[in-house]
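Engineer: If you want the building blocks of each chain, they are given just below.
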Amino acid sequence: MPSTITKRSIDMDFIEKVGTISGEAFKTCMQCGTCSTVCPMQESTEVTPRKIIHLAQWGIFSTVMSVNMAWMCASCHTCAVRCPRGIDIPKVVEAIRLLTLRKNKNFVEPFEIVKEQIEEMPQAAMVSTFRKHTA
Amino acid sequence: MCDTATIEKKVPEVAEELVPIYIMGKKYEVPASLTIMKAMEYAGYQYIRGAGCRGGICGACATVYRKPGDYHIRVGLACQTVVEADMYLTQIPFFPANRAVYKWEDVRGEAEEVFAAYPELFRCLACNACTKVCPMDIPVMDYVAAIKQGNLEKAAELSFDCIQCGLCATRCMAEMAQYHIAQMVRRLVGAKIAVPSPHVDKQVAAIKSGHYDEALKEVMALGTMDPFNQDANKENIDKLKELYNKRQGESHATDESWEPDDKYALLEDAR
Amino acid sequence: MKIGYYPGCTLKTKAKNLEISTIEAMKKLDVEMVELDRWNCCGAVYSLADDDLVHLLAPVRDLIRARDAGLTPLMTLCSMCYNTLARANLLMRNDEVKREAINNFMEEEENYQGEVEVVHLLNFLRDSIGWDKVKAAVENPLDGIKLAPYYGCTLTRPLDVSVDHNTYHNVFGDMMKALGGEVVDFQEAETCCGSYQVISNPDAAEKTTVRIIESALKAGADALVLSCPLCDYNLGKKQADLMASREGIQPLPVVYMSQLMALAFGVPAEMAHFELNPPLTREFLEARGLLARV
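Residue numbers (the working numbering), protein chains in the order written: chain A, 5 to 139; chain B, 6 to 276; chain C, 798 to 1091.
One should not assume that every hint holds.
[Said to hold, decoys possible] Calculated pairs, DMTMM-like style, for lysine to aspartate or glutamate (alpha carbon to alpha carbon, straight line, at most 25 Å):
id : chain 1 : residue 1 : chain 2 : residue 2
1  : A       : Lys31     : C       : Asp847
2  : C       : Lys1004   : A       : Glu123
3  : B       : Lys137    : C       : Glu905
4  : C       : Lys1034   : A       : Glu120
5  : A       : Lys107    : C       : Glu829
6  : C       : Lys895    : B       : Asp75
7  : B       : Lys108    : A       : Glu120
8  : C       : Lys813    : B       : Glu162
9  : C       : Lys809    : B       : Glu158
10 : A       : Lys31     : C       : Asp849
11 : A       : Lys109    : C       : Asp1000
12 : C       : Lys1015   : A       : Glu123
13 : C       : Lys895    : C       : Glu912
14 : B       : Lys159    : C       : Glu829
15 : A       : Lys109    : C       : Asp848
16 : B       : Lys108    : A       : Glu116
17 : C       : Lys813    : A       : Glu47
18 : B       : Lys32     : B       : Glu110
19 : A       : Lys119    : C       : Asp1038
20 : A       : Lys119    : B       : Asp75
21 : C       : Lys895    : C       : Asp849
22 : C       : Lys809    : B       : Asp111
23 : B       : Lys137    : C       : Glu906
24 : B       : Lys72     : C       : Glu904
Quick caveat, the hints were computed from the structure, so don't treat them as lab data.
Please model the entire structure based on the sequences and the hints provided.
Structural biologist: Structure, rendered in structure tokens:
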């Protein structure tokens, strides 16, 4: 998807927030794309990890927040252990999720999950989903 | 039973030492020996809600307070906690809390049913705020942990003293209502998991068989007042009092060998 | 020998087969697992936000309980618990500022500085027992069974908590070899199973599980060996749904590493609780003569 970058489109506040929450210097990303090739969710995400980092670098807030990438990430760290720049990409992605969750907006509503599914799932599934996808 | 006759209506002697307390930010001078509830009444508040048994059992009068210069949140039941100088307080008689609806006949007594009814319990962060705020010193965080582990018996045991005041829910970061969840757990345990007590079964059968009907009729008759015969009424009341005072119950001091005089409902093998 | 043990919530319900089979197998190695008498859910996933300390309270509280009970090293069986506890422990060791903030917040507990050592069953067997001793305890070797060890994410990533620091991870395979099994390497052995996305984005999770199962089958695996209850759900229990919704998917039995260890050590099969596995697992083990037909 093409994005026009102008002085006005760069959301500096957003770039700073992602940096603070993640603790990662994601500006050092050189766009090699290793992360994208190893991401197990690549079939399901609207943009690749490389692209989401690129969008975040340029402060294109609305696109970063509207694509499903951050919600599809399972924090498996496959990208993180392979990044030649040593960026912990899952941390950057978590920061993006938190920008929504910290406004008290859930991605998943616990009470909307089918009761039969809750009964058959391991507790670890609920705990981890609620940690990653509820406010 | 709430015996309204014992509620103190008289304003205490003001010769007593007065201490300043702050009710919802407003300062009042109240006698130092009063409970928070009596102090509020002394200050002019009238209870419509938030005063239940006045005996520390019902959990209706949960109160939150702080002391100057101390960040700790302190809690107590208004009917039990004596005022302290400079405490500033508010009562939290009610806090909105999610309460699951489940069909009693259909429950199986499994942890998964609690998970399905209250999935939010998996949002617990083990922050321990619930335990710290509990006026009954219940290890709330630990019973939530036990429920997550599927150990309903342990959760029922740990939460047994809960008076449903709801203070835990006011502090929960995961936004769950611990006390409602624990109540469901205790109900599942009581109905489907705990070993049934043969004593209770026998006693219920004895009541159903009409064994106590005569005695009950006698009590009912004594309680029927005749507006035109005050002497007879007084006699009946005295008889009722005598019956009440002579009632039998197992005292805490008795050992295993204690038995009531009426052996009708005792189990044969328990003798 | 005694070892501290942190179970994790699921091991007390859906994954009892992982817990009980381990306890019984460890007895054959003269190891007694001492469970923490007071513990809470570790949180299952480690918080990745740099400014978030509250999600560390749960794992740190467990580590404090382990320290207070003298249970170090503390062993876990579930990969997710291992990862969460091990990462929280490293943070408490290495980050002075966050350590102080967490200790100050948990004023009801004694300060913690990372005194406990967190281990997983795999590196405990390798480092504290040794494969020779494991081999010696085998009564029914898993001869001729092609086992595909599935690491998933949390046993080996991030690197500072990996149970295996070799470039080529072999601790899981070494365990299977010690039990007499034949190890099958497959491309997707460390691909995420979809984890918690099974709730939020089930289709995405399903795509990765299909890749993993197909990759293991292509490599000639008879069974997939696991150490995580969520992997077991995604790759095992959901397989029946996969078969129903997709064409051309072949079934693949899944089994916990400890269940195979218990069978190999001659622990009575009922202690491995195969009734909690998908029916396929039982059928496979019966066909291979590892489990008496009932």
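Engineer: Hint by hint, where does the structure go against what was stated? Just the numbers, ascending.
Structural biologist: 5, 12, 17, 18, 20
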